[in-house]
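J.: Sequence:
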Amino acid sequence: MTIIHIVMLKFRPDVGEENKNDTIRAMKSLKTLDCVKGHRLVVGGPSINTPPERSKGFEVVLLSLHEDMTALDKYRNSDEHQAVRLPEAYAVCDGPLKEDLFALKLSSHDLRAQLEVCHDLPTVAHDLAQQESMVSSTYEEFCSNSASAVGGSFSDSGIHRYFAKMAKGRGAQKLSDEIRMYQTLPDEIQDCYPQILFASRKQGTITMGTELKDFPNLRDLLLNNQLSVDDAARVLSTVLEFEYNKAFLKHKQPTPPGYIHDYHFHRAWRRLTISAEMDPVFSTLITTPWLEINGRRISNVPAMLNRLERDEVVVRRLDPGGVSPFIHGDFHPGNMLFDTNHDNFWLVDPRGYPVCDIYYDLGKLAQSTRSYYDLLHEGRHEATCTTTGDLTVINYQFMSPWAKKLYTDLDARLQPIIHSLLSSTSDYENVDLRIRFNEAIHLCSLMPFHIHPDAQPSVAIPIFAAGALRLAEIMDLLGIGAEECVSNHADGLERMAELGHVGWQFEG
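Residue numbering for the sequence shown follows the UniProt record's numbering, beginning at 1 and increasing consecutively.
Read the hints as simulated data drawn from the structure, not as lab findings.
Note that the structure is a prediction, hence the values are computed from the model and not measured.
Keep in mind that the hints are not guaranteed to be accurate.
[Unchecked claim] Listed below are the simulated DSS-like cross-link pairs for lysine-lysine, each with C-alpha atoms no more than 27 Å apart in a straight line:
no. : residue 1 : residue 2
1   : Lys252    : Lys202
2   : Lys252    : Lys168
3   : Lys213    : Lys168
4   : Lys202    : Lys246
5   : Lys246    : Lys168
6   : Lys202    : Lys250
7   : Lys202    : Lys165
8   : Lys213    : Lys165
9   : Lys213    : Lys174
10  : Lys213    : Lys250
11  : Lys202    : Lys174
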């Protein structure tokens with residue numbers, strides 16, 4: 001089969017003419033037939049300009065300059081390379097965002113068809129590289145035999161990169177839930193998740209491998225100044241619309257009995273107990289009736305939780321109005337991958353509950369944007385905690401006003417988007433209450449994952465404090481004063497003792 005090499009040369013402004021000519025000669029040593037210098041096609045031999053009737057069966061390899069031309073030259077002219085049968089179509093990308101396309105092998109027919117729609121060769125090349133039929137690899141993998149080898153039968157084979165997860169003991173249940181979700185995702189939802197490649201259980205260890213989507217997450221893009229707040233809000237609007245309409249509404253079913261207790265209250269009581277057992281500071285912190293957080297005096301978490309849980313009217317208002325088996329369940333920017341070049345997103349690391357609801361997801365998102373969890377868990381703050389008598393005083397502040405403002409501005413952009421999305425909800429007046437409740441419970445359940453005796457600053461304490469503030473805001477929405485709440489403190493501690501040692505059904 002005739003191979004056509006179209007070489008796209010990209011030079012830095014400081015590269016001299018002599019070096020440019022040396023590079024062109026190096027490219028020609030690779031038996032290049034066609035050369036694109038800049039964006040101009042220099043015809044020499046069969047090319048993409050060859051009439052279709054004469055180009056049947058041709059392949060096209062697009063190449064751009066790589067810093068290690070010598071390694072590529074040696075590889076493509078080595079005896080080992082001649083023995084390797086390359087895949088029918090492959091792409092080689094470099095750069096942290098895979099924005100630099102180094103090589104692309106495809107049929108001339110596909111290339112010609114795309115160029116009729118878009119005349120910009122680099123754009124067409126990047127679009128074609130995203131096709132699922134492409135075998136994707138890095139430059140280093142391309143220069144190794146095993147990465148691009150194809151088996152001798154009718155089935156494709158070779159070495160592919162994937163993302164692997166393993167768990168045993170306490171984490172096994174969560175990974176099992178995640179596998180179940182991946183394996184049952186409908187096609188219209190599967191497109192926005194990596195494909196599961198394998199899953200197994202052996203000697204108590206569960207293993208799962210998924211397609212590797214090697215793209216940054218929204219949190220990193222935002223904090224690294226690679227995505228503006230407006231762009232992040234635009235992406236999140238698309239993700240939210242997908243999650244609400246396709247994952248929730250399309251597969252909505254009635255809320256199971258006891259759902260609010262099972263998914264929220266029991267989880268919070270259990271995690272409070274675990275926190276007190278893990279850290280003596282929490283044992284004291286949780287038992288004091290009063291909290292003062294960043295200057296606001298409120299009742300403690302056990303009192304507020306008990307007041308909410310025993311109020312049947314409030315519990316009915318917290319009911320999400322339906323659940324779905326395809327809700328993500330850990331819906332924060334760190335679990336949303338985004339391809340900035342092609343505006344594609346993927347959700348990763350789903351919780352995999354049997355069923356869940358849209359407010360659970362919205363609470364996870366608010367946990368990041370309104371309570372600044374992304375900054376807290378990375379230790380971008382200062383915190384103090386002192387207990388005197390029946391009062392614990394917690395103060396925390398963020399060291400980067402710029403980073404905090406990013407999330408404040410993002411949350412402000414998201415509020416109208418979320419309310420517009422949920423505007424048709426029959427009991428719309430409960431939307432804010434439900435989102436804030438989910439956010440509060442998430443925060444009040446996270447401490448065991450962040451307790452460390454040597455942590456400086458403490459991460460678990462300000463996370464607990466943020467959850468307490470969200471619960472206090474719920475009390476404000478319900479018109480319940482702090483004095484009324486604090487009268488429930490003893491009952492709250494008793495309820496925690498009752499449920500805190502009972503395993504949560506979704507432990508993991």
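J.: Does each hint fit the structure? Answer for all of them.
T.: Against the structure, the hints come out as follows:
For the hint pairing lysine 252 with lysine 202, the CA-to-CA distance comes to about 34 Å; that exceeds 27 Å, so the pair is violated. For the suggested pair lysine 252 and lysine 168, the alpha carbons sit about 32 Å apart, so the restraint of at most 27 Å is broken. For the given pair, lysine 213 sits about 25 Å from lysine 168 by alpha-carbon distance, which is consistent with the 27 Å threshold. A threshold of 27 Å between alpha carbons decides the hint, and for lysine 202 with lysine 246 the separation of about 34 Å lies outside it, so the pair is violated.
Between lysine 246 and lysine 168 the CA atoms are separated by roughly 32 Å; this puts the pair beyond 27 Å, and the hint is violated. The suggested pairing of lysine 202 with lysine 250 is violated, with an alpha-carbon distance near 36 Å, which exceeds 27 Å. Distance check on the hinted pair: lysine 202 and lysine 165 sit about 14 Å apart at the alpha-carbon level, within 27 Å; holds. As the CA atoms of lysine 213 and lysine 165 are separated by approximately 14 Å, the hinted pair is consistent with the 27 Å bound.
Of the supplied pair hints, the one linking lysine 213 and lysine 174 holds, its CA atoms being roughly 21 Å apart against a limit of 27 Å. Distance check on the hinted pair: lysine 213 and lysine 250 sit about 26 Å apart at the alpha-carbon level, within 27 Å; holds. A threshold of 27 Å between alpha carbons decides the hint, and for lysine 202 with lysine 174 the separation of about 16 Å falls inside it, so the pair holds.
In summary, the structure is inconsistent with hints 1, 2, 4, 5, 6 from the numbered list given earlier, while agreeing with the others.
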